[in-house]
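As a plain string of letters, each chain reads:
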Amino acid sequence: MRRYEMICVGAGPAGLAAAIEAARNGVQVLVYDENDRPGGQLFKQIHKFFGSQEHRAKERGFNIGNSFLAEAKELGVEVSLNSVVLGIYENGAMNVMIGDRIEQIKAQKILVATGASENMIPFPGWTLPGVIGAGAAQTMANIHGIRPGNDILMVGSGNVGVIVSYQMMQAGCRVAAVIDAAPEIGGYAVHAAKIARVGVPFMMSHTIKKAHGKDRVEGATVIRVDDSWQPIAGTEKRFEVDTICIAVGLNPMTQLLRMASCKTAFVPALGGRLPAHDKNQETSVKGVYVAGDVSGIEEASTAVIEGRIAGLAIAHSLGYLDEPSFLEQRTQQYASMQGLRSGSHGERRGKAKEYLNAVMKGTMNAL
Amino acid sequence: MRIEEHPILGTFEKGSPVQFIFDGQTMQGFEGEPIAIALRSNGVLIHRYTSRRDEPRGMFCAIGRCTDCIMVVDGQPNIRTCVEPLKAGMLVETQRGKGPEPGI
Amino acid sequence: MPSESSKTGFLTEEDLKDSPGIPTAARRQKGPVAVIECLEDIPCNPCESSCNVGAIVVGEDITNLPHLDGEKCVACQTCVYICPGQAIFMVDESLAHGRATVMMPYEYRPLPEEGDDVTAFDRAGLELGDAKVVAVRQTKKMDQTATVTIEVPRDWSMRARAIRLKVD
Chain D
1 MRRYEMICVG AGPAGLAAAI EAARNGVQVL VYDENDRPGG QLFKQIHKFF GSQEHRAKER
61 GFNIGNSFLA EAKELGVEVS LNSVVLGIYE NGAMNVMIGD RIEQIKAQKI LVATGASENM
121 IPFPGWTLPG VIGAGAAQTM ANIHGIRPGN DILMVGSGNV GVIVSYQMMQ AGCRVAAVID
181 AAPEIGGYAV HAAKIARVGV PFMMSHTIKK AHGKDRVEGA TVIRVDDSWQ PIAGTEKRFE
241 VDTICIAVGL NPMTQLLRMA SCKTAFVPAL GGRLPAHDKN QETSVKGVYV AGDVSGIEEA
301 STAVIEGRIA GLAIAHSLGY LDEPSFLEQR TQQYASMQGL RSGSHGERRG KAKEYLNAVM
361 KGTMNAL
Chain V
1001 MRIEEHPILG TFEKGSPVQF IFDGQTMQGF EGEPIAIALR SNGVLIHRYT SRRDEPRGMF
1061 CAIGRCTDCI MVVDGQPNIR TCVEPLKAGM LVETQRGKGP EPGI
Chain S
2001 MPSESSKTGF LTEEDLKDSP GIPTAARRQK GPVAVIECLE DIPCNPCESS CNVGAIVVGE
2061 DITNLPHLDG EKCVACQTCV YICPGQAIFM VDESLAHGRA TVMMPYEYRP LPEEGDDVTA
2121 FDRAGLELGD AKVVAVRQTK KMDQTATVTI EVPRDWSMRA RAIRLKVD
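Chains as they are written, first to last, in the working numbering: chain D, 1 to 367; chain V, 1001 to 1104; chain S, 2001 to 2168.
None of these hints come from the bench; they were simulated from the model. In this text, a Cβ means the ideal position worked out from N, Cα and C, and glycines have one as well. Hints may contain errors.
[As the list claims (entries may be wrong)] Each computed DSS-like pair below joins lysine-lysine, with the alpha-carbon atoms no more than 25 Å apart:
#, chain 1, residue 1, chain 2, residue 2
1, D, Lys-214, V, Lys-1014
2, S, Lys-2007, D, Lys-237
3, D, Lys-286, D, Lys-209
4, D, Lys-351, D, Lys-279
5, S, Lys-2072, S, Lys-2141
6, D, Lys-209, S, Lys-2007
7, D, Lys-263, D, Lys-279
8, D, Lys-263, D, Lys-106
9, S, Lys-2072, S, Lys-2017
10, D, Lys-210, S, Lys-2007
11, D, Lys-214, D, Lys-237
12, V, Lys-1087, V, Lys-1014
[Said to hold, decoys possible] Computed footprint of chain D on chain V, listed as stretches where at least three residues anywhere in the stretch have a Cβ under 8 Å from a Cβ of chain D:
#, segment
13, 1029–1037
14, 1055–1062
15, 1087–1101
Build out the structure end to end from the sequences listed, making use of the hints.
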């Protein structure tokens, strides 16, 4: 059985940042990723990031991703692709499926950075070809260079919905409208403004009633909802579209953590049921850490910082980093994080994270 | 359907152009790209029909998680075409229900 | 988000009226100047860090709204292509004959060319009318965000914020 000091499950921004930080301090790191390429969602992000210089603001996601990969390579971080971690057992034992074979492996420290998957809403016609997740639209356009369709209805006005709408237009598609059952746009104002000024209408308090078509999407009917989310008869509006893009939220992929018996808490503000963790990103299972969207839906920039904190904590825990240096660097990372978890969007997330820390500490009850 | 020049990403690096067969029809794609992408570039969106109600299904997640895109490839059923790389001469068929018995 | 923009997706001139990022009419009539249409407390400050003359101030708390000192602005256009939200424009109301120019960040292709006729739109995506492209700029430093400048009637200067190329 192969043994490693640290194993990251997931080579997205959180996993890579953690691996880099740990490796920089001398830790032997292996990163598993189930995909055929690393980077998680980062390489699909073709827009310039917000934040400040330390958060790599004004750089495009995929460029940041490439620099992480180069840095990881330089530090000797091992990345194993097409590798599906099947389970995390006691005492750091793990099973991973690589191609056709299943390997048993042991890790002193495990970082789970598996990210999140997309939510879905059922509606008549939801199974028709042409109904796709927003992430799928990004994958098709930004990774594979193909338009998902020609005329798109975007369901969901959070940041994913408005950013992907813009990216669809950059890919040469038409976006017929962005709808959301909520009364207010969920994403950043500037993302909404970019598409509003080129004629994409926003329809708040609307949900999708039906996707039309025999073998594929040929149209969509939306309907207004009242304050209790109930559809209002007679308010239907039909769009002639060939693609319906669903951007109704992300759900952390916590299966491995629940299997490892990590304590969880229900935190709607961060996407659902999350692993409780302390300020070192360590869960209730000693030696198992979390970072990025799996521990709460935020952004790439916060995922990177959480990854760094976990990487530092692991390096310290393994004896590679002395306590004063560790605490100093951790403080720096939290200062950087504070900048991002402020403002009306960020503050809400920051408070939810503090709740998660408190659940871990036992000072708050988990829902 | 293919993006010729992307405003941010420029041109997309693709493998060599190859031919493959979809339900008896010869089609063009690029070696190494997901089969589903090659199909979509040829206007094919239906990947399979469900067992009980014979309803059409196509790509949904595009990252190999939801299995809506599975097809029979070179005789093997349940191949996730959104992640399976295209090879020259591949035989791709619409999967009906569970498709044929998987071979070893 | 202020006003109706949280439902419509766009800001109105009323929303922007007292914004710290909007230069005065007097300054706009003196020559080209940045116009920062950013009203949300997102943690973000590349506009401040990219301005070489210190005309934009966000401050220690990066959720602060950017404050523009019109007198310091030398219209170098860096902030226009740097802003990750594409919320910064450049406006020049000093032209003769009641004309003005509006420069906007542009990330679509094909790029228009100098001399092209385009249709100008306002923040709500409503058509204002025809406009002529007087400048297009794209350099490596701009990292794929080009800038397109159109000439418009002066009363469009604080309204025209998007263009659509005319299809033959």
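Outcome of the hint check:
1. D/Lys-214 with V/Lys-1014: Violated - the C-alpha atoms of V/Lys-1014 and D/Lys-214 are around 33 Å apart, more than 25 Å.
2. S/Lys-2007 with D/Lys-237: With Cα atoms ~18 Å apart, S/Lys-2007 and D/Lys-237 stay inside 25 Å; holds.
3. D/Lys-286 with D/Lys-209: At roughly 47 Å apart (the allowed maximum being 25 Å), D/Lys-209 and D/Lys-286 break the hint.
4. D/Lys-351 with D/Lys-279: 13 Å, holds
5. S/Lys-2072 with S/Lys-2141: At roughly 23 Å apart (the allowed maximum being 25 Å), S/Lys-2141 and S/Lys-2072 satisfy the hint.
6. D/Lys-209 with S/Lys-2007: Between D/Lys-209 and S/Lys-2007 the Cα gap is close to 20 Å, so the pair holds against 25 Å.
7. D/Lys-263 with D/Lys-279: Holds. D/Lys-263 to D/Lys-279 sits at ~15 Å (cutoff 25 Å).
8. D/Lys-263 with D/Lys-106: 22 Å, holds
9. S/Lys-2072 with S/Lys-2017: Distance of about 20 Å is within 25 Å: holds.
10. D/Lys-210 with S/Lys-2007: With Cα atoms ~23 Å apart, D/Lys-210 and S/Lys-2007 stay inside 25 Å; holds.
11. D/Lys-214 with D/Lys-237: 19 Å, holds
12. V/Lys-1087 with V/Lys-1014: 13 Å, holds
13. 1029–1037: Contact hint for the segment 1029–1037 of chain V vs chain D: holds, 3 residues under 8 Å.
14. 1055–1062: Check passed, 8 qualifying residues.
15. 1087–1101: Since 0 is below three, the answer is violated.
The earlier numbered hints that this structure contradicts are 1, 3, 15.
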